[in-house]
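Residue-level listing of the chains:
Protein chains: 2
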Amino acid sequence: MEKIKIGLFGFGVVGQGIYRVIQRAKNAHAEIVRVCVRDLSKPRSVEFGPELLTDNPDDILDNPDIDLIVEVIDNADASYSIVTRALSKGIPVVSGNKAMIARNLPELIDLQRRNNTALLYDASSCGSIPVIRNLEEYYDNDLLLEVKGILNGSSNYILSRVFDHNEPYDAALRRAQELGFAESDPSFDIEGFDSLFKLIIITVHALGVYVKPEDVFTYGISTIHDSDIRYAREKGVKIKLVAQVVKVSDEYFTMFVMPEFVFPSRYIYSVDDEYNGVVIRGECYDRQFMFGKGAGSLPTASSILSDIMARRHDYRYEYKKMSYLDRPAYTTDITLRVYVRYTVSNIPAILPFSHIHEQYISADSNYVIGDIKLSDLIRHRAALSAPDIFLADIPTFFTDRDD
Amino acid sequence: MEKIKIGLFGFGVVGQGIYRVIQRAKNAHAEIVRVCVRDLSKPRSVEFGPELLTDNPDDILDNPDIDLIVEVIDNADASYSIVTRALSKGIPVVSGNKAMIARNLPELIDLQRRNNTALLYDASSCGSIPVIRNLEEYYDNDLLLEVKGILNGSSNYILSRVFDHNEPYDAALRRAQELGFAESDPSFDIEGFDSLFKLIIITVHALGVYVKPEDVFTYGISTIHDSDIRYAREKGVKIKLVAQVVKVSDEYFTMFVMPEFVFPSRYIYSVDDEYNGVVIRGECYDRQFMFGKGAGSLPTASSILSDIMARRHDYRYEYKKMSYLDRPAYTTDITLRVYVRYTVSNIPAILPFSHIHEQYISADSNYVIGDIKLSDLIRHRAALSAPDIFLADIPTFFTDRDD
Chain A
10 MEKIKIGLFG
20 FGVVGQGIYR
30 VIQRAKNAHA
40 EIVRVCVRDL
50 SKPRSVEFGP
60 ELLTDNPDDI
70 LDNPDIDLIV
80 EVIDNADASY
90 SIVTRALSKG
100 IPVVSGNKAM
110 IARNLPELID
120 LQRRNNTALL
130 YDASSCGSIP
140 VIRNLEEYYD
150 NDLLLEVKGI
160 LNGSSNYILS
170 RVFDHNEPYD
180 AALRRAQELG
190 FAESDPSFDI
200 EGFDSLFKLI
210 IITVHALGVY
220 VKPEDVFTYG
230 ISTIHDSDIR
240 YAREKGVKIK
250 LVAQVVKVSD
260 EYFTMFVMPE
270 FVFPSRYIYS
280 VDDEYNGVVI
290 RGECYDRQFM
300 FGKGAGSLPT
310 ASSILSDIMA
320 RRHDYRYEYK
330 KMSYLDRPAY
340 TTDITLRVYV
350 RYTVSNIPAI
360 LPFSHIHEQY
370 ISADSNYVIG
380 DIKLSDLIRH
390 RAALSAPDIF
400 LADIPTFFTD
410 RDD
Chain B
10 MEKIKIGLFG
20 FGVVGQGIYR
30 VIQRAKNAHA
40 EIVRVCVRDL
50 SKPRSVEFGP
60 ELLTDNPDDI
70 LDNPDIDLIV
80 EVIDNADASY
90 SIVTRALSKG
100 IPVVSGNKAM
110 IARNLPELID
120 LQRRNNTALL
130 YDASSCGSIP
140 VIRNLEEYYD
150 NDLLLEVKGI
160 LNGSSNYILS
170 RVFDHNEPYD
180 AALRRAQELG
190 FAESDPSFDI
200 EGFDSLFKLI
210 IITVHALGVY
220 VKPEDVFTYG
230 ISTIHDSDIR
240 YAREKGVKIK
250 LVAQVVKVSD
260 EYFTMFVMPE
270 FVFPSRYIYS
280 VDDEYNGVVI
290 RGECYDRQFM
300 FGKGAGSLPT
310 ASSILSDIMA
320 RRHDYRYEYK
330 KMSYLDRPAY
340 TTDITLRVYV
350 RYTVSNIPAI
360 LPFSHIHEQY
370 ISADSNYVIG
380 DIKLSDLIRH
390 RAALSAPDIF
400 LADIPTFFTD
410 RDD
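Those protein sequences? They're chains A and B, same order as listed. Taking our numbering, the leading residue of the first sequence gets 10, the next gets one more, and so forth. Taking our numbering, the leading residue of the second sequence gets 10, the next gets one more, and so forth.
Do not take every clue at face value.
Identical copies look the same in the list; a pair holds intra-copy or inter-copy alike.
The calculated DSBU-like cross-link candidates involving lysine-lysine, where the alpha carbons are at most 30 Å apart (straight line), are [claimed, not checked]:
(1) 382 x 98
(2) 329 x 256
(3) 221 x 14
(4) 35 x 256
(5) 382 x 51
(6) 12 x 382
(7) 329 x 14
These aren't lab readings, by the way, just hints derived from the structure by calculation. For clarity, every value in this text was computed on a predicted model and none was experimentally measured.
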């Protein structure tokens, strides 16, 4: 069997992980023939021949012997440039860059079609958990109702340290960074954007609809406070950063990324530390739960390897659900029940709650629990980003939103 | 888009479930054009036209308009006859008959190759959990180390009732039958054969090796006794019926179906009631856990629908791992630590334990915990099938066997 010849962009933690995994998986019949890096002199932890590295992208993009490009660089703009150039030349690409993919998916789908080539990116969503592939192939029908989960390992790690180990938030964040779970810019993880980008990609493969990242309400965990944790503990719930896309009727779906009060009966309640967990709910199969390591060098590399192997059989995403005649439309006209904790801001005056269920006022902290439209949360995004506010979803309103 | 024309064999609970699911999933573009049943006059719970049913298999097998045969009949011999006839004629088949498939897989693979057609059977293993497809496509490399799980919903339901609800075993079995979880012949479920057949199929897709069902040690739960449950509770573990295939070295793997003392830290500990849960462990991705409804009319039907959809793209299992040069070989030359409870039989005299860790003797019940070769358990199968004996695996021996 002839080996697949791979040109690799990026030789950091993930890139070197791929190099190792491919050496280990003999039956993969794959070979990395060239690696493009920014800094040739940087020390690497794997051994390789003198001809492997280059700092010129053209050495890969213009090399006719290369069958496949694997792109795992940390910069979304450079990633975009490489991936679009490769696809335009008809070279298939495997990428793990969720930000780049989520922002440019319509164009990337179009490029694949026009150049009759493929872009695979299962590694972009939940690392080693095969979410995209299963949504595309196995849940390839209109029975799917919801995908909901913990998609970001580092924010989940931080919340686990805070909740289960009583660690202060800052210490937990530092620890996540030391362990390599957190991105170099931690706001990507803790403000929910990493989860958001994954959710955008998941929604394309779940429901066949692309929604722009900026149109989705995204709220992170950076303003979480001792009083929020105390409150959650009193109620017997954990706070998790949850991303979800949910069909609310045959015609509409909604989606958002928000901290949630997760009840112990829910599958995602026990998704702790750096793990990811995804619940796929459908009309006939009820709930499927997939759980595993969502990030890290080798889990991500093994997911990239799965995409490389898929190219052996010329696999490509068909985006079949995008051609369904009765695709549901995105709506923010739904009502959520939320907990909002605040100190300085006057939340009850700012947010147009349709109903307030609880209100608590004290010297150092206040909170309100009320029903509010998702569209109103989006409208008041700026106000909600004040550092004295923390917001969490209480999933009691939809009876369907109970996993 | 043209509709896939399906000939369906079997119109019981699962068959009618498929009929319903296909009507519901409009974008599936599939249509059941003919259904072959044994008894035309039997009442059915779905509505259908007068021309749908036939009791003559030839009306489907000889109908040139039919693109695909779906076979969900309850009889392994009849299933074998239909599936082999269809494949020999080059007609692709989707089947859920695990016993038939597990017993005849080498011939069925050969038939697919010779007639350039496909047999898909994801529904045969764990219903709506996409185990086979993921093993075949996503874990399509030699990093896989282990597949272990609770593969039979009805035995798991019974054990859950017994453990969590203090129900007597017989009442729990009756309840499982009333709820439709148990097969009409409950021994299939509770003696471990259903799990065994699934494990045989899983092993072909996990490691590329076919092992005959009769060569695999299989021990069920029918002899479980109050004293076993008491013992497990005292130790803080649950007893679950577990099937596993495990690589014990680069060269060898082992497999068996046995009750296991499951520790609370393990993923499968919380797989209760009629649910199935599967852990896939690999060298780089560590443990992936998949959890869902393993049986029942609609979950099984939705899994069948996934296979029907896959045929739109001419999908077939390639059995790629069967052509690996360095496939591991099956061994029973491994040592397990087991708990054996007995009353009449003289277990310490019958079984050649290499080491006995605990022994307990009392007026009404005795047990021994010792290390023994899997090959010796197989050799003493007949003695172990005595009704006064219950056997369970204690997964402490391999450090690797700890999920």
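Status of the hints after comparison with the structure:
| no. | hint | verdict |
| --- | --- | --- |
| 1 | 382 x 98 | neither (46 Å within a copy, 58 Å between copies) |
| 2 | 329 x 256 | within (18 Å within a copy, 37 Å between copies) |
| 3 | 221 x 14 | neither (35 Å within a copy, 38 Å between copies) |
| 4 | 35 x 256 | between (43 Å within a copy, 16 Å between copies) |
| 5 | 382 x 51 | neither (51 Å within a copy, 52 Å between copies) |
| 6 | 12 x 382 | neither (54 Å within a copy, 41 Å between copies) |
| 7 | 329 x 14 | both (29 Å within a copy, 20 Å between copies) |
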